Amino acid sequence: MMWSVNEGNRKSQGRTSSSRGASFTLRKSSVVFGSTVALDSVDLHIGSGEAVGFVGLSGAGKTTLLCLLNGTVRPTGGTVQVDGRDLATLSFEELRKVRSGIGFVHQDLSLIPNLRVLHNVLAGRLGKLSFWGGMRAFLFPQRRYVHQIHEILERVGIPEKIYERTDRLSGGQRQRVAIARALFQEPVGLLADEPVSSVDPARARSAVSLLTEISREQGLTLCVSLHNLHLAREFFPRLVGLRAGRVVFDRATEQVTEDEFEALYDLNGV
Amino acid sequence: MKMTRSWDRAFLHKGLGVRRILILAILSGGIWAFVQLDLNPADLVPTSGGVQVAWAFFSRALSPAIVYEAEFVPSDTPPLLWKALQAAGTTVVFASAAMSLALIWGLLLGFLASSSWWVGDPAGGAGNVTAFVRRSIAPVVYGSTRVLIAFMRSIHELIWAVLFLAAFGLSHLSAVIAIAIPFGGTLAKIFSEMIDEAPRDVAHAFRGSGASATHVYLFGLVPRALPDMTAYSFYRFECALRSSAILGFFGYPTLGFYIAASFENLHYGEVWTYLYTLLVLVILVDWWSGALRKRFVV
Ligand SMILES: Nc1ncnc2c1ncn2[C@@H]1O[C@H](COP(=O)(O)OP(=O)(O)OP(=O)(O)O)[C@@H](O)[C@H]1O
Ligand SMILES: [Mg+2]
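Note that the protein sequences, when read in sequence, are chains R and P.
Using my numbering, the first residue of the first sequence is number 1, and each one after it goes up by one.
Using my numbering, the first residue of the second sequence is number 1, and each one after it goes up by one.
Hints were generated in silico from the structure; no laboratory data involved.
Remember, predicted model here, so these are calculated numbers, not experimental data.
Heads up, none of these hints are tricks.
Derived pair list, reagent style SDA-like, types lysine to any residue, alpha-carbon separation capped at 25 Å:
{"#": "1", "chain 1": "P", "residue 1": "K294", "chain 2": "R", "residue 2": "F140"}
{"#": "2", "chain 1": "R", "residue 1": "K128", "chain 2": "P", "residue 2": "H204"}
{"#": "3", "chain 1": "P", "residue 1": "K294", "chain 2": "R", "residue 2": "R165"}
Output of the computed footprint for chain R on chain P, the stretches with three or more beta carbons under 8 Å from beta carbons of chain R:
{"#": "4", "segment": "199-206"}
{"#": "5", "segment": "218-231"}
All residues carry an ideal CB built from backbone N, CA and C; glycine is no exception.
All chains should be built: construct the whole structure from the sequences, respecting the hints.
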């Protein structure tokens with residue numbers, strides 16, 4: 001397949017593109033839902049163009065952390081900065097603008113089943129369009145957009161599906177539609193929440209490699225939450241381990257010890 | 001097997017208790033209504049004159065008229081079947097005009113009457129005027145819209161027709177608006193509920209990519225509800241056909257006009273011809289909506 005990675009140690013290759021990618025900084029960020037502490041005083045800095053994997057058990061707070069980064073969840077304590085700007089100080093319009101620059105591939109993909117692939121991908125651009133611009137794009141898509149979307153679909157490996165109804169696609173193909181939608185945002189940061197949960201191991205691997213490859217090509221900052229430790233270690237130069245809402249390690253992948261991985265996934269201590 | 005402890009049992013039975021009471025209440029409500037109205041099956045046995053009329057009418061069900069039953073027909077009168085077709089056409093035109101208006105009102109009011117466009121953006125941003133306005137004005141708009149559409153719905157199209165005829169006379173617009181008002185109200189109510197019940201995952205995702213509230217609503221929520229909304233609109237179109245036919249009783253040249261005239265003249269065969277025309281209309285709409293729904297792509 002055209003997007004398959006050539007084997008070899010991808011993760012150690014340096015980032016070639018310049019500082020296009022977004023940077024994220026969390027300072028003592030906490031998130032409390034009712035009586036559940038989802039994140040507990042997290043300090044984290046992710047630099048422009050980095051690729052970071054978030055690992056941890058179910059309920060450790062990975063999704064919540066990703067949602068902090070695009071401002072769809074607000075911290076109940078501490079601050080979240082994107083490119084040095086505290087999200088809590090932004091106006092609604094400014095926040096929208098920041099969000100429009102961050103692509104998010106959701107765990108459940110969040111696609112509209114009865115729309116064509118074209119329209120699902122098109123929706124990624126809504127954040128950058130005016131009311132009438134969005135109406136125009138949805139009702140009478142401009143050729144320029146159609147060509148651009150075709151190119152992106154080509155990049156993710158399903159160009160022939162552009163006019164297909166989304167619910168007629170396989171799980172793996174839908175995943176690519178979700179990735180294409182995030183890319184059509186022309187983002188500076190890409191967040192992916194467990195992007196491999198609905199597909200077989202081979203496709204899981206190719207999806208992760210696709211994400212890392214595209215992010216490297218375009219100089220995007222990439223944060224991916226993963227249950228699969230093997231994939232995380234293979235593709236990400238830096239890993240953040242989460243356990244019960246706390247960061248238990250945050251360093252270069254090769255420096256994380258086996259003991260730390262075992263402690264992270266130890267079910268007894270939760 | 002483990003014994004169920006008594007407090008466990010109390011808990012287990014509580015869930016069913018409410019349900020049992022509800023079922024009994026609904027049943028006894030129905031019986032009470034029957035008793036109130038003094039409904040008696042014996043009332044269905046007709047008087048002897050009634051039997052004759054009923055027989056005369058129903059015996060023509062299998063032999064609807066092909067030509068006029070009157071002895072004298074003016075020479076410039078079109079053939080019966082042609083007239084039935086014309087009446088059907090007029091019925092469709094009135095229904096379509098009313099539905100077009102009702103759809104516009106239904107979509108607009110349905111938007112205002114759904115809670116999805118203003119409830120909950122968890123991360124609105126600081127000093128957010130838009131969010132403040134939305135949070136304080138929106139509930140008022142929402143509430144008054146719901147009252148308005150309840151008002152539109154609670155008055156039947158025939159009553160609206162009586163009011164408009166008194167005010168504006170027998171104009172085409174009176175008939176169209178009389179149907180459009182209650183239909184618009186019903187569409188608005190059902191649309192708003194369908195949209196509010198559509199899954200929110202996509203809306204959440206769109207908001208996360210910076211889409212405005214209106215875009216989230218139009219492209220994230222409405223498309224998910226659209227197949228249901230279309231099916232329901234077709235069903236309402238059927239109802240509009242019936243209502244438009246009935247408005248013939250007021251003198252509009254729809255099927256109802258000719259049904260009433262033929263019935264008065266005891267030309268039951270003609271009545272059946274018109275009734276079957278209406279039936280064919282409804283079947284056609286049903287077939288059309290089915291065919292469309294089968295290959296529905298937004
Ligand atoms: N909207 C919410 N309301 C209440 N509690 C929530 C909400 N979202 C998350 N939580 C809680 O916060 C904690 C962290 O959840 P989160 O979804 O971030 O975990 P996760 O690491 O993504 O898990 P998984 O790997 O299963 O997706 C969990 O205990 C969860 O129950
Ligand atoms: Mg999760």
